[in-house]
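Engineer: Go by the hints and put chain E onto chain A.
These protein sequences, in sequence, are chains A and E.
Its first residue numbered 1, the first sequence is counted upward by one per residue in our numbering.
Its first residue numbered 118, the second sequence is counted upward by one per residue in our numbering.
There's no promise every hint is true.
[Said to hold, decoys possible] Each computed DSSO-like pair below joins lysine-lysine, with the alpha-carbon atoms no more than 30 Å apart:
(1) K68/A <-> K133/E
(2) K155/E <-> K24/A
(3) K155/E <-> K120/E
(4) K78/A <-> K187/E
(5) K68/A <-> K155/E
(6) K187/E <-> K120/E
(7) K120/E <-> K78/A
(8) K155/E <-> K187/E
[To be verified] Ranges between beta-carbon positions, derived for each pair:
(9) P61/A <-> Q200/E: 33 to 43 Å
(10) M15/A <-> P232/E: 34 to 44 Å
(11) E176/E <-> Q17/A: 26 to 36 Å
[Said to hold, decoys possible] Which chain A residues stay away from chain E? Per the calculated CB distances, all over 10 Å, these:
(12) P8
(13) E14
(14) M15
(15) G16
(16) K24
(17) E44
(18) E62
(19) S66
(20) F74
(21) K78
(22) P84
(23) V117
Worth flagging that the hints you see were computed from the coordinates, not collected in a lab.
Cβ atoms here follow ideal geometry from the backbone N, Cα and C, with glycine treated the same way.
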Amino acid sequence: DAGVIQSPRHEVTEMGQEVTLRCKPISGHDYLFWYRQTMMRGLELLIYFNNNVPIDDSGMPEDRFSAKMPNASFSTLKIQPSEPRDSAVYFCASSSPARQLLNTEAFFGQGTRLTVV
Amino acid sequence: AQKVTQAQTEISVVEKEDVTLDCVYETRDTTYYLFWYKQPPSGELVFLIRRNSFDEQNEISGRYSWNFQKSTSSFNFTITASQVVDSAVYFCALSEATSYGKLTFGQGTILTVHP
Chain A
1 DAGVIQSPRH EVTEMGQEVT LRCKPISGHD YLFWYRQTMM RGLELLIYFN NNVPIDDSGM
61 PEDRFSAKMP NASFSTLKIQ PSEPRDSAVY FCASSSPARQ LLNTEAFFGQ GTRLTVV
Chain E
118 AQKVTQAQTE ISVVEKEDVT LDCVYETRDT TYYLFWYKQP PSGELVFLIR RNSFDEQNEI
178 SGRYSWNFQK STSSFNFTIT ASQVVDSAVY FCALSEATSY GKLTFGQGTI LTVHP
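Isolated chain E, as found in the complex:
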């Protein structure tokens, strides 16, 4: 069975601080996909990134970066120079190879960025 653990329930930072959200996963599949979704206070789920299990390259998109380490089954997410608008719940998720939509979600990390 697949499992995703986000050990940090809540994180509070001050604007411009860097923050890293941790994600650890478990799966028996050799091919799988990892995701991060953002859920702002308005409630929708916003896709941020998808990574497949064969691609361990780190990725940077603006202030966002992701570190995928297969050896430790981790897929961590860093926000550099955080902003108040980054305040949201962030979910890490895992899917099997056949469908990106059959997701196993972590419990989410509530990020609050104070001005």
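Excised from the complex, chain A in its bound form:
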């Protein structure tokens, strides 16, 4: 398996523009997570899905942020409009349920480094 795939790896955009980050989870994993990493706040969970359904979005910072998972193999995180303080590394991760015995830890993608100028 290719692992969790995120695109783009780097994104530079101007303040006010819409940004869309993409994630393809590992096949067979039915949990998908979006994390954000900043110097100030470290790694924090933004939202997660189970079987394509959003379960907890309490970490989403503002209404400018939205996430979707239209099918089991694709998710997006959108920021509209973007602001300089959104600059961070955004990670996507996937896992299988804890009741399963094999390979159930969360596997992370390479991350998308977002810079909003």
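Structural biologist: Below, chain E alone, put in the same frame as chain A:
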């Protein structure tokens, strides 16, 4: 609420020294899971180990070892005979029982191993 504390912000050692990274956690759950992840300079997050709350056996994997003590809510990580390639940020994390991916991370410890 869950909380993970890594009190050591940065550690600097010389190659071949042993180094221990501390992790203390807080949770009200009786069943939970503890993790260590490594983030090398390239930026990806690499899974190192998972431990469940019912398994307090220490674990050794090559030069890596982990000490889980439920009585002190600690899950410490030791690298024996450190190498330059061990230089990275190391994160301790805690998850609830239902999903390994809903992680609460510590702030991370930056480990620098000098030749």
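Engineer: If a hint holds in the structure, say so; if it does not, say that too.
Structural biologist: Each hint, compared with the structure:
| no. | hint | result |
| --- | --- | --- |
| 1 | K68/A <-> K133/E | violated (47 Å) |
| 2 | K155/E <-> K24/A | holds (22 Å) |
| 3 | K155/E <-> K120/E | holds (19 Å) |
| 4 | K78/A <-> K187/E | violated (40 Å) |
| 5 | K68/A <-> K155/E | holds (28 Å) |
| 6 | K187/E <-> K120/E | holds (15 Å) |
| 7 | K120/E <-> K78/A | holds (28 Å) |
| 8 | K155/E <-> K187/E | holds (23 Å) |
| 9 | P61/A <-> Q200/E: 33 to 43 Å | holds (38 Å) |
| 10 | M15/A <-> P232/E: 34 to 44 Å | holds (43 Å) |
| 11 | E176/E <-> Q17/A: 26 to 36 Å | violated (47 Å) |
| 12 | P8 | holds (14 Å) |
| 13 | E14 | holds (24 Å) |
| 14 | M15 | holds (24 Å) |
| 15 | G16 | holds (27 Å) |
| 16 | K24 | holds (15 Å) |
| 17 | E44 | violated (8 Å) |
| 18 | E62 | holds (21 Å) |
| 19 | S66 | holds (20 Å) |
| 20 | F74 | holds (17 Å) |
| 21 | K78 | holds (21 Å) |
| 22 | P84 | holds (21 Å) |
| 23 | V117 | holds (20 Å) |
The structure shown violates the earlier hints numbered 1, 4, 11, 17.
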